[in-house]
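Colleague: Take the sequences, apply the hints, and build the full model.
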Amino acid sequence: MAEQLFYFLIYPGLLFAAVIGALLSWYDRKVTAWVQFRKGPPLLQPFYDFFKLLLVKETILPKYGSKGVFLSAPIFAVFGATIAGVFILLPLLGVETGFKGDIIVIFYLLTIPSLTYIIGALASGNPLAAIGGSREMKLILSYELTFLLVLAGIIQKAGMTISFSEIISIQTLNGAFAGSISGIILFIVFVFCIQAKLALVPFDAPEAETEIADGIMIEYSGTPYAMIKLAKYIMFFILPAFLIGLLWKGLNFEGINILWSILKILFVVLLLTLIRNTNPRVKIKQAIRYFVVWMNLLAIIAIVLSYFGL
Amino acid sequence: MGFKELCFKKSLWLFHFGGASCNNCDIEILDCLTPRFDVERFGMLLVGSVRHADVLLVNGSINKRDKSRLLEIYEQAPKPILVVAIGACGCTGGIFAEGNTFAGPVDKIIPVDAYIPGCPPKPEAILAGVVKLLNK
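Sequence order for the protein chains is A and B. Residue 44 is where the first sequence starts when you use my numbering, and the numbers rise one by one after that. Residue -2 is where the second sequence starts when you use my numbering, and the numbers rise one by one after that.
Calculated directly from the structure, the hints in this document are not laboratory data. Every clue listed holds true.
Looking from chain B toward chain A, a few residues come up when the C-beta cut is under 7 Å (computed): (1) Lys1; (2) Cys4; (3) Phe5; (4) Lys7; (5) Pro32; (6) Asp35; (7) Glu37; (8) Arg38; (9) Gly40; (10) Gly45; (11) Ser46; (12) Arg48; (13) Pro75; (14) Lys76.
Derived SDA-like pairs: lysine to any residue, alpha-carbon spacing no greater than 25 Å straight-line: (15) B:Lys64 to A:Leu171; (16) B:Lys119 to B:Leu131; (17) A:Lys110 to B:Glu69; (18) A:Lys73 to B:Ala125.
C-beta atoms are modelled at their ideal positions from N, C-alpha and C, and glycine is treated no differently.
Modeller: What follows is the structure, encoded as structure tokens:
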């Protein structure tokens, strides 16, 4: 029991994932600043933001809305992100092997933060939040199928095993999946799925700042918004880590391999940041078409290619 | 300086309220976010919702219609919130001070923490005002 609590709260759960995720979000903002020839925020900026929201700011409850649901949704978001993080990071960091079929569990747990954002937004009773919530719902409906197809392709490449640690060990024996044609296609599709899951710029219609004033987050202030920030930091670390585990051999912490593992994570986050900085926001209709038609097509092509061993 | 105060001063998020402005101050405020002046290095961000704001930037003359909206925005913002009046119109009323529809400079409606005069103030002046606000 004490061991599980340690896994959940400290390593590799809440504390570890949140600290690494906050540092990655600083890296994201710094790279954004470099792309725009700016100087960018200091290293501890995500921590200042988080503690300011948590300790200093007042929490305002909406007058017309369900207050209990509004306040509990961010807590569920943090729980969902943390549990998904524990199941991803335990096999990835080599602490424990996990159980059979954990990929399916992780797939469902990863949707919990987005679902709770929708619930919180609809409970706030704000019309702009309702627009954001409905957009997030459409976005989930469009990218989940693509995400599932990518997982199906990976499971097929791994010889029908649905255990995360076995997929990593198969790759350490036979080389990374991303080294083949179908693996590269799956990698690209997976990166776009992460982009939509994190609601980064081409697919940030649910929280469009300039258009619907932060959409699903519009009514959150103070401590609940700090919880949402925390869930976002955790997701910002565990989704690239999941991608690296599934397609790029996982992480290795022996000798010089530490540097290589860190560079892998920084590279995936750099990809996300560059996509974010070089694209405009798409309309929700365009985002749905992008996933339902083109990304699904790419994923199916990758599955067929991997069936022929390419 | 305590931990709470440090976190607050290191991460001021800005919300921009434009009254009946001639848009010069708006443009100069946006200049502060551009590569040349870059207020993000002090941890400042322009946010879309007043619920996330720590600093309310008010510019332009406040006329009778704007007054109720400014009050509403101020009441909806989570405390503590700092208010900065930008430009001659925001500080005193400027050339509109004698006007028929003028409802008073910003500090007659809500409490103001810093004044940045100028018509429009240069981005350097806005940054100097921000630094004074941080050292207050």
